[in-house]
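As you go down the protein sequences, you meet chains A and B in turn.
Everything in the first sequence is counted per the numbering used here, starting at 1 for the first residue and increasing by one.
Everything in the second sequence is counted per the numbering used here, starting at 1 for the first residue and increasing by one.
What the hints contain is simulated information worked out from the structure, not anything from laboratory work.
Note that the structure is a prediction, hence the values are computed from the model and not measured.
Watch out, some of these pointers could steer you wrong.
[To be verified] DSS-like cross-link-like pairs, simulated, lysine-lysine; straight-line CA separation at most 27 Å: (1) K196(B) with K103(B); (2) K67(B) with K196(B); (3) K246(B) with K89(A); (4) K76(A) with K388(B); (5) K181(A) with K129(A); (6) K108(A) with K246(B); (7) K18(B) with K108(A); (8) K76(A) with K90(A).
[As the list claims (entries may be wrong)] Covered stretches of chain A (chain B as the covering partner; in silico rule of three or more C-beta atoms under 8 Å from a C-beta of chain B): (9) 55 to 69; (10) 80 to 86; (11) 91 to 103; (12) 107 to 115.
The beta-carbon is built from N, C-alpha and C at its ideal position, and this holds for glycine as well.
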Amino acid sequence: MSPTEELVKARDLVKIYRLEGVEVHALRGVAFDIRCGEFVSIMGPSGSGKSTLMHIIGCLDRPTSGSVLIDGQETKELTDNELAAIRNKKIGFVFQTFNLLPRMSALKNVELPLIYAGFGLGERARRAKETLEAVGLGERINHRPSQLSGGQQQRVAIARALVNDPSLILADEPTGNLDSKSGAEVMSILEGLHDQGRTIILVTHELYVAEHAQRIIRILDGEIVSDEWVENCRSLGRR
Amino acid sequence: MDILESFRLALGGLAANKMRSALTMLGVIIGVSAVILLVSIGSGVKADISREIMGLGSNVTMVLPGKIEMHPGAGQTGGSLGLVNKLALDHVEALKREGAHIKEALPILSSAASMRYTNLSRTVDVVGTAPEYPAVRNFPVAEGRFFSAGEVGGLRRVCVLGQTVAEDFFGDSNPVGERISLSDQKFTVIGVMTEKGGGAMGINLDDQVFVPVTVAQNLFGTENLSLIFVEAASQADVDLAMVEAKRILARRLDENDFTVLAQEELLGILQTVVGTLTLMLGGIASISLLVGGIGIMNIMLVSVTERTREIGIRKAVGAKTYDISIQFVIEATTLSVIGGTVGIILGALGSLVARSFLPSQITAWSVVLAFFFAAGVGIFFGVYPAYKASHLDPIEALRYE
Chain A
1 MSPTEELVKA RDLVKIYRLE GVEVHALRGV AFDIRCGEFV SIMGPSGSGK
51 STLMHIIGCL DRPTSGSVLI DGQETKELTD NELAAIRNKK IGFVFQTFNL
101 LPRMSALKNV ELPLIYAGFG LGERARRAKE TLEAVGLGER INHRPSQLSG
151 GQQQRVAIAR ALVNDPSLIL ADEPTGNLDS KSGAEVMSIL EGLHDQGRTI
201 ILVTHELYVA EHAQRIIRIL DGEIVSDEWV ENCRSLGRR
Chain B
1 MDILESFRLA LGGLAANKMR SALTMLGVII GVSAVILLVS IGSGVKADIS
51 REIMGLGSNV TMVLPGKIEM HPGAGQTGGS LGLVNKLALD HVEALKREGA
101 HIKEALPILS SAASMRYTNL SRTVDVVGTA PEYPAVRNFP VAEGRFFSAG
151 EVGGLRRVCV LGQTVAEDFF GDSNPVGERI SLSDQKFTVI GVMTEKGGGA
201 MGINLDDQVF VPVTVAQNLF GTENLSLIFV EAASQADVDL AMVEAKRILA
251 RRLDENDFTV LAQEELLGIL QTVVGTLTLM LGGIASISLL VGGIGIMNIM
301 LVSVTERTRE IGIRKAVGAK TYDISIQFVI EATTLSVIGG TVGIILGALG
351 SLVARSFLPS QITAWSVVLA FFFAAGVGIF FGVYPAYKAS HLDPIEALRY
401 E
């Protein structure tokens, strides 16, 4: 896959929720392309629709209208199980609240996507261990989430997102529940992944987090208000 | 995801809540063991009755006093209670004399009496009968001899003891020649029967004392007989002998005063009754199994709610609908199958314990049925929670606190 190829193509995304008879327009026609190897932040205040957008790109949710192509594949017509397969093979999620299974060791948590990808026991353990070592947790593979610090838990979550070698990493406020030091650690891991050529979409409402990316898409009330390279943003900010 | 992996996940889920899993299983365990135990007792009683009645000899039919309706459910009318009992020794003689296909007719007059020997005393079943009794009933004498026709005609107070009676009163010593009393009349023991083994219907053949029928008539102050055994010349003649017996007795008695009963009929009636009882008991036990199944469903629904977030995470990393539902179905089925297996073991043990005071017989079909019923209950009651789990919206599930 060449770095210039488009990994995500979003076209006219509209999402309308119906809450007790009231229509809520979470997205009002959002369109953008993200190419392979890009590190993009989606920024906006709470209620702006950025989480909805991330869920739709991540194939966790479907748009009311419009389309998303992941790696050239149209997702509109896919069944729930086909979407699950895309989440499993092409997308790795990193959540604000880590979302690790508390009863399982770090290793077992990282193995989870591999179970649903159909890998055998030995192969799973080997790959999960390698990935945990890559995020610096080789010593703690048998610890449960409760025995790890917040930063370590988020690194386990990153390892889980990476283990199936996905095309796209989706990180939803990955530093939101961390102190600034752990947050910085997590961001440097994400930057490292970007340097290795991975495509990362980061959702946040903090500018200093968003600025780790190359490109920032600002979203407000369900519409894109700006889509700029980080250098331009900084100059705008200074002005 | 292969099925082995699903099992691993399900067992992990159950192990995380050991106490809860054990209590949920308990419902199934109680249900299954109750089914096995009750059905085994029912089957045991049924087998015992069959053995007992078949033990009469295949060419023997019975004449009972009073009218017994043969249709199941019609109930019993008239009186084998003895109130309208008109069977007498004359009838026995008539059956012997006039029945071409009747080889032997055997009078039975039985009642309870108090037996005493030295300072020992208790109530025994006294059976007044004829010298042909050992031959017709295939129940030989072990020591001494049975009484003779002369002793019956001469109203001699002699008796033959059943094994249990002999052991209870005489221990290891030989009772033949000893004097005992029955209802304060002195009798000479002339023999001891072989051991026949206890039976159903509350009759223990070894706990009886046999006396000449004429003596029994005097002892109990009645001319009437409890029962006449009619032996056909051969098994093929049983039906003819029955017809003859009916005809001979109809000439002397009202048709409501006696019933000629074939073994098969008696067996059929008793088996129907016991079979119905077994079914009823099994049915009640099955209800508890059903309740156990509802317990499984209940706990699985709680489990789905508790693990909403886990389900969301699994879906986010690529679990398909099938992956989630199979995990919960296997959890429910594992609960019920382990519960079923433990229940079978406990039920079988219970049945072995029950054997010391009740006839019980573990039947393969009840074990197989209970096991598959339990497994089926697990699958049935696991499917709805599993469906619920697998169709959770991943975003809602991830947000669940």
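Holds or violated: K76(A) to K90(A), with C-alpha atoms at most 27 Å apart: Measuring from Cα to Cα gives roughly 16 Å; hence the hint holds.
Outcome, coverage hint (the stretch 107 to 115 of chain A, chain B; C-beta under 8 Å; three residues): holds (count 3)
Holds or violated: K108(A) to K246(B), with C-alpha atoms at most 27 Å apart: This hinted pair is violated, its Cα atoms lying about 84 Å apart.
8 Å C-beta test of the stretch 55 to 69 of chain A against chain B, three or more residues: holds (count 4)
Given hint K129(A) paired with K181(A) - CA-CA distance at most 27 Å: This hinted pair holds, its Cα atoms lying about 25 Å apart.
Proposed proximity, K388(B) with K76(A) (alpha carbon, max 27 Å): Status holds; Cα separation ~24 Å.
Restraint check for K18(B) with K108(A), where alpha carbons must lie at most 27 Å apart: 20 Å, holds
Proximity test - 8 Å, beta-carbon atoms, the stretch 91 to 103 of chain A to chain B, at least three hits: holds (count 6)
Agreement of K67(B) and K196(B) with the hint, judged by alpha carbon distance not exceeding 27 Å: The hint is violated at about 30 Å.
Satisfaction of hint between K89(A) and K246(B), Cα-Cα up to 27 Å: The hint is violated at about 88 Å.
Restraint check for K196(B) with K103(B), where alpha carbons must lie at most 27 Å apart: 24 Å, holds
Coverage of the stretch 80 to 86 of chain A by chain B (three or more Cβ within 8 Å): holds (count 4)
Hint check: violations occur at hints 2, 3, 6; the rest are consistent with the structure.
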